[in-house]
Amino acid sequence: MRYGTGPEVLREVTFSLAPGSFHFLTGRSGAGKSSLLKLMYLAHRPSRGLITLFDEDIATVPQNRLPLLRRRIGVVFQEFRLLNHLSAFDNVALPLRVAGVRDSTVRKNVRELLQWTGLADHMDARPPTLSGGQQQRVAIARAIIAKPSLLLADEPTGNVDEAMGVRLLYLFEELNRMGTTVVIATHSEALISRFRHTVLHLEDGILTVRESTVHRGGVSVRAPSQPTSEPER
Amino acid sequence: MIRRRGDLVLSREPSARLVPWIIGLMTYLACLMLAGALLLSELLDQWSTGLTGTVTVQVMPVEGESAGTIDDRVDKLVRLLQRTRGVAEARAIPVPEIAALLEPWLGAGAPLEELPLPRLIDVRFDEGGAPSMEVLRSTISNADPTAILDDHGVWREQLAGLIQALGAVAAFIVVLVAVATVGIVIFATRSGMAAHQDVIEVLHLIGARDVFIARQFQNLALWQGLRGGLIGIALGAATMWALRHAASQLDTSMLPQVSLLAWHWGVLAALPLATALISNWTAKRTVVRSLRKLV
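Protein chains in written order, with this note's numbering: chain A, 86 to 318; chain B, 16 to 310.
Pulled out of the complex, with its shape left as it was, chain A reads as follows (with noise of 0.2 Å):
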């Protein structure tokens, strides 16, 4: 992966994520990250290289396919990326109503889901007028709304105190046991060591794999120099 003319971003990076893992993705700042985030979420196509998600190599899958892919995947940018016309529900709501979901069931869930992370009292109000902290919460609840199968989430703690990023934490374990694959990129240690996952550690643009997971079905990253075989756990 490079953009444009500059250098490999990601060079050597095979992994695959099997349905239901949870992963933690670490690396200094600028090792790659959010490069290989922006290709799994599929904003960005490898330069070489194969990408399989959910059973399909994205190279080859027709372009009017992507949405339905993109939809099976939520993901909390590090920017967050809100809508700023638009209000904290409305944001919420926003992967609902692209996949043509009745307005009983949005209002209904983003109502429940608002409610659980703590913002039953700001739906109406619009990202600028919230704090960091809620802003990364509606971008959670966003990313989650739709029970994805894949769940990306690019510093997800990052402008919460300590005792949200667990309580976050906890919310996206439940979401994995509810059978969502969860990619989390961190810098936080306290986290990883609290919460016991694997761990993809991203380092000149190397990946390597700690407590590797075996499985089938779920993401595969597989740089074009590297074996078939998917890394033991």
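Think of the hints as simulated: they come from the structure by calculation, not from any bench.
Take the hints with a grain of salt, since some may be wrong.
Computed list of lysine to any residue pairs in SDA-like fashion (alpha-carbon distance at most 25 Å, straight line) [said to hold, decoys possible]: (1) K299/B with L153/A; (2) K299/B with R156/A; (3) K299/B with T137/A; (4) K308/B with G134/A; (5) K308/B with T137/A; (6) K299/B with L151/A; (7) K299/B with Q163/A; (8) K308/B with V146/A; (9) K299/B with A128/A; (10) K308/B with L153/A; (11) K91/B with R32/B; (12) K308/B with K232/A; (13) K299/B with L171/A; (14) K308/B with R133/A; (15) K308/B with H129/A; (16) K299/B with P147/A; (17) K308/B with E197/A; (18) K308/B with T145/A; (19) K299/B with V186/A; (20) K308/B with F187/B; (21) K232/A with K91/B; (22) K308/B with G217/A.
Following the hints, put chain B in place on chain A, whose structure we already have.
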């Protein structure tokens, strides 16, 4: 396009407020050009089918002839014409009126009595029952060999050519205005997309189809186009009313009687709908083409 369930309301960027006014001005120009083209077409139709319904008979003076004699010849021809089938009215134009017609060329106080001026008979036909020009010409020349029937054919043909050219120019301007409107909408949509790039990317990444994203811009473009169209047609209607009012103050006996027909007004009234649909379609094409460049 009508707003559907789940559609978003895009925030309005300040520059978007100008778009309906620019489209309004374009529609205004298109309205005037279209009205002009329709009027000219109607006028041409009237002339080409002879519905102007008038001819002029010129009675040439004979050398040494007295005023009384030529008056008698003119009266005789007038009576003949009044008896002719298909003629609604035949009227000898009085000499002072002929003098008034010539005054712009000869100046006031010109010694007209010394000039061998032809006398004129204004003939108006029944609506839809004009006699054959050949037969009429023959009848007149038999009655008075110096009388000449002028059905304004040469002048009418030249004018018809001019009108056709003017009509083509007006139609071309309407097409140019439509193209300019498309350009304005493309520009406005692109600037709207640039202003809402974050919205587009987020929608794209959470799985919105291109048509869903395009619809957000189509909605905006549709209403901008409709508002612009209504502004333009209102200005156009006001201008046409003012022109009609000004024309009613003139002596229009020498001008052709032509006005917009009901279906012409229907065409003009459809302009706001046309601008709305053009805007809607253009926005969709612009957004979908831009989105195809995304992964």
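So, going through the hints one by one against the coordinates:
1. K299/B with L153/A: Holds, at roughly 21 Å.
2. K299/B with R156/A: Satisfied, since the Cα-Cα distance of roughly 23 Å is no more than 25 Å.
3. K299/B with T137/A: Cα-Cα ~32 Å, so violated.
4. K308/B with G134/A: holds (21 Å)
5. K308/B with T137/A: holds (22 Å)
6. K299/B with L151/A: holds (20 Å)
7. K299/B with Q163/A: violated (31 Å)
8. K308/B with V146/A: holds (16 Å)
9. K299/B with A128/A: holds (22 Å)
10. K308/B with L153/A: Between K308/B and L153/A the Cα gap is close to 18 Å, so the pair holds against 25 Å.
11. K91/B with R32/B: At roughly 71 Å apart (the allowed maximum being 25 Å), R32/B and K91/B break the hint.
12. K308/B with K232/A: violated (29 Å)
13. K299/B with L171/A: OK: K299/B and L171/A at ~23 Å, within 25 Å.
14. K308/B with R133/A: holds (19 Å)
15. K308/B with H129/A: holds (12 Å)
16. K299/B with P147/A: holds (21 Å)
17. K308/B with E197/A: violated (37 Å)
18. K308/B with T145/A: Holds. K308/B to T145/A sits at ~17 Å (cutoff 25 Å).
19. K299/B with V186/A: Distance of about 23 Å is within 25 Å: holds.
20. K308/B with F187/B: violated (35 Å)
21. K232/A with K91/B: At roughly 102 Å apart (the allowed maximum being 25 Å), K91/B and K232/A break the hint.
22. K308/B with G217/A: violated (33 Å)
Hints 3, 7, 11, 12, 17, 20, 21, 22, counting from the list given before, are not met by this structure.
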